[in-house]
Structure formats: C-alpha cells, structure tokens
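> These are the residues of each chain, in order.
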Amino acid sequence: MAAEGGGHSPIEQFAIKVVQPLKLFGYDASITNATLFMLLAVALIVGFFFVATRNPGRVPGRLQGAAEAIYEFIASTVRDNLDDGKDGRKYLPLVFSLFMFVLVANMLGMIPGFFTVTSHIIVTAALALLVISVVIIGGFMRHGIGFLKLFAPSGVPGWLMPILIPIEVISFVSRPISLSVRLFANMLAGHIALKIFAGFVGALLGAAGIAKLMAPLPLALTTALTALEFLVAFLQAYVFAVLTCVYLSDAVHGAH
Amino acid sequence: MSNDDQSGQKVPGEIPPDDREAIRKRAAELGSKLDTAKKRHAPPPSNRAKGEAMAMGFRAASELIGGVVVGSGIGWLLDRWLGTWPGFFILFFLLGAAAGMLGIIRMAQRQTTPPAPSVPRDRDDGEND
Chain A
1 MAAEGGGHSP
11 IEQFAIKVVQ
21 PLKLFGYDAS
31 ITNATLFMLL
41 AVALIVGFFF
51 VATRNPGRVP
61 GRLQGAAEAI
71 YEFIASTVRD
81 NLDDGKDGRK
91 YLPLVFSLFM
101 FVLVANMLGM
111 IPGFFTVTSH
121 IIVTAALALL
131 VISVVIIGGF
141 MRHGIGFLKL
151 FAPSGVPGWL
161 MPILIPIEVI
171 SFVSRPISLS
181 VRLFANMLAG
191 HIALKIFAGF
201 VGALLGAAGI
211 AKLMAPLPLA
221 LTTALTALEF
231 LVAFLQAYVF
241 AVLTCVYLSD
251 AVHGAH
Chain B
1001 MSNDDQSGQK
1011 VPGEIPPDDR
1021 EAIRKRAAEL
1031 GSKLDTAKKR
1041 HAPPPSNRAK
1051 GEAMAMGFRA
1061 ASELIGGVVV
1071 GSGIGWLLDR
1081 WLGTWPGFFI
1091 LFFLLGAAAG
1101 MLGIIRMAQR
1111 QTTPPAPSVP
1121 RDRDDGEND
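Chains A and B, in that order, are what the protein sequence lines are.
Counted from 1, the first sequence has number 61 at position 61 by our numbering; the numbering is strictly sequential.
To get our numbering, take the position in the second sequence, counting from 1, and add 1000.
Same shape as in the complex, but just chain A:
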C-alpha cells in the first residue's frame, strides 16, 4: 500500500464532491465541498471581526489589535496603490473583502485534509471578473465615454496609435486572466508539489534495502515546502489586493 506512495494521486485533493444535491430553477446548484469551504472561510472572517470588534476599547485587546493591524495593512496598501484622496477610499471595503477571502481560503487549504477553493480557476476567475467589472463600471461612471482614453495614451504621435491601441487593449484584457491564473496556478502547483514530495517519503520507506535510509530527505523537503507554501498563501492574497488597487486606480484616475 505505502509502496505506491499511499495509492493516492496527487491531484485527488482537488476533486469536487457533491455533499448535498440541489436544483435551483433547473440549474445544478448542489452543495459541494468547495461551497462548504467558501462558506467556512466567510464564516471565519465574519466571526473573527464580530468577536474582535464587539467590545472596542481605547486600548485594544489582543483580538482587537489583530483586527486593527489587518485593517491598517490593507488601508495602507490602498493608500499606496490607489493614491491618496480623490475617492479611492470608497473601494477599500471591496479590496479588504477580497484580501480576507483569498487569504483565509488559502490558509484553510494549508490544513491537511482541507480543500483549497483558490486552487480552482473558476473561483479565482470569478473574483478577477468581479474586479474587472468594477473597474469598467466605475470607470465609465466616473469618466463617461472618456474612460476609453485609457486605451489611447496621450502625448503619443498619431502614427503610433494603430500599434499602441491594440497593445493597450491586449494589456487590459490580459489583466483578469493574469490575475486569476496567478492565484490558481500558485495554489495548485504548491499543493501538488507538497503531495508528491510527501508521497516520496512513503514510497522510499516501502522500498527495499538502502533506499529506506533516503526517506528523511523528501521529509525535510516537504517541511521546507510547507513553510514556503504558507508564505505563498499570504503573498498571493497580498498580490491580489495590490493588483486590485492598481487596476481600480485606472477607474479612479482614468488615463495614465
């Protein structure tokens, strides 16, 4: 059994399993393990902030301090990347919610046996499409048709326009794609790598003779990779928040 690396495929952990079949208006809206973990993430976030802000003191307690530190962190990210003043701050709740959801979903995935929702491109793509929709709607609401000037940078000679406009359009269209692919690919690759190296430990222990002595090597690597994955889980949530700010600053400030 252990000789075949536990008999598990490294991608089995990403399988979607229906927990509670459900039909809504003819659509398949079954409750799956992904649904449950998304709900769990949201419940943890709401629960944490509910408890942390229940009895706010002038001198913050431990939980309140943590909640304020998280808020400060995101607020300063928004300040740095969305530029101060104007009405960049009205997007703070969106950036904050996105960051918390991605972070908690990533961190939940690090618990052995738990499901990682952000390792599915459909989840990250939905988040990225939300961001880009807000950019487009917010941009048109603020600048009207002038928002399209985003694709025609000022101070460029006219003959360059036929080249530059397609480049700007491609660069805009690639945003939601790179936003969603980056998060999903990092989480997917990280979890597969962890599973494979952990599988080597079992495979080597099951092997004959001298190979048994090699088993600690992949174990050490798995430990190191786990630490790296925690870093990546945080970093990807942070990058998602930063890029959301950068893209939203187009909506707020219009053309570069």
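In short, the hints are calculated from the structure, not lab data.
Just so it is clear, CB atoms sit at the ideal spot from N, CA and C, and this is done for glycine as well.
Some hints could be false.
Said to hold, decoys possible - No farther apart than 25 Å at their CA atoms in a straight line, the calculated lysine to any residue pairs in the SDA-like style are these: (1) K1050/B to T1036/B; (2) K1050/B to L221/A; (3) K149/A to G1073/B; (4) K149/A to T1036/B; (5) K149/A to K1038/B; (6) K149/A to R1106/B; (7) K90/A to I145/A; (8) K1050/B to F234/A; (9) K90/A to S76/A; (10) K17/A to A34/A; (11) K1038/B to P1017/B; (12) K149/A to R1110/B; (13) K90/A to E68/A.
Said to hold, decoys possible - Covered stretches of chain A, as calculated for chain B (at least 3 residues, CB under 8 Å): (14) 168-178; (15) 231-237; (16) 240-247.
For chain A, the structure is supplied; the task is to place chain B on it using the hints.
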C-alpha cells in the same frame, strides 16, 4: 498678535528668529547626517521587503505571460474567423509580447519612489504667534 515680537527683544516662550534659523540649520544638518549614517548601516532586507520582492516577481512573470497568451489568443481567433492563418496570430503574438513588456515597465515605474528624508522639510516660514 502684536507686532512688537519682531523687534528682537526677549519675550518669554518665544524663539528669536536668529535662534530659530540656527535650530533649523542644525536640524537639517543632523537629518542629513542621520540619512548618510542610515545608508551606511543599511539593515538587511526585512521579511516584509523580501515578501514584497517576491510578490513583484510573481507579478512581472504573470504580466508578461498574460500579455503573450491574450495576444496570441486574439490573433488565433481572428485567423480562424478570417481564414488567414498565421498572419494575425504572428502580428498579435508580437503585440501581446509588447503589451506584456509595457505592463512590466509601468509596474517598475510605480515602484521607484525614493525613501523620505529623516527630517522633513519644515514649512512654517517664521510665522510668530
């Protein structure tokens, strides 16, 4: 307030303009010294700085890949629609690569802001109150 303050005579709790100038000069001097000393003992990059560098790396890589993938995709679709394979594919592949590079350049421009000086330039120009 009254105008006698300007006459240079001692008013309790008031800094004469000469001293004020000297103090400002010393503060600026100390500030610049502090800045050079700080530069000399540049602290090893903190974990946060390392993390931010890594985040920038992820962004740069995906920016370039995203541009190329989207460009090639648009070109491929145009070719399939117009039956001109591989003309638009090649054209839009190049445009996509250019878009990716442009994204990285913009990202780098955003990042290059020098650190603030230790003693901020003070703005009150001798207003006595």
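> Within 25 Å, alpha carbon to alpha carbon, are K1050/B and F234/A?
holds (13 Å)
> Going straight from one Cα to the other, do K149/A and T1036/B come out at no more than 25 Å?
violated (44 Å)
> Taking a Cβ-to-Cβ distance below 8 Å as contact, does the region 240-247 of chain A have at least three residues touching chain B?
This one holds; 3 residues, not fewer than the three required, reach chain B with a Cβ under 8 Å.
> Starting from K1050/B, check that the Cα of L221/A is at most 25 Å away, please.
OK: K1050/B and L221/A at ~21 Å, within 25 Å.
> Just to be careful, I want the Cα atoms of K90/A and I145/A compared with a cutoff of 25 Å; is the pair within it?
holds (22 Å)
> Decide if the proposed pair is consistent with the structure: K1038/B and P1017/B, CA atoms, cutoff 25 Å inclusive.
Answer violated: K1038/B to P1017/B is near 31 Å, above 25 Å.
> Keeping to a limit of 25 Å between CA atoms, is the pair of K17/A and A34/A held or broken?
holds (8 Å)
> Would the pair K149/A and K1038/B pass a check requiring their Cα atoms to be no farther apart than 25 Å?
violated (44 Å)
> For a C-alpha distance cap of 25 Å, please report whether K90/A and S76/A respect it.
holds (14 Å)
> Three residues minimum, CB to CB under 8 Å: does the region 168-178 of chain A make the cut for coverage by chain B? Let me know.
holds (count 8)
> Please verify whether K1050/B and T1036/B have alpha carbons no more than 25 Å apart.
It holds: about 23 Å lies between the C-alpha atoms, which stays within 25 Å.
> Verify the proposed pairing of K90/A with E68/A, using a straight-line Cα cut of 25 Å.
holds (18 Å)
Hints 4, 5 and 11 from the list above are not met by this structure, while the remaining hints are.
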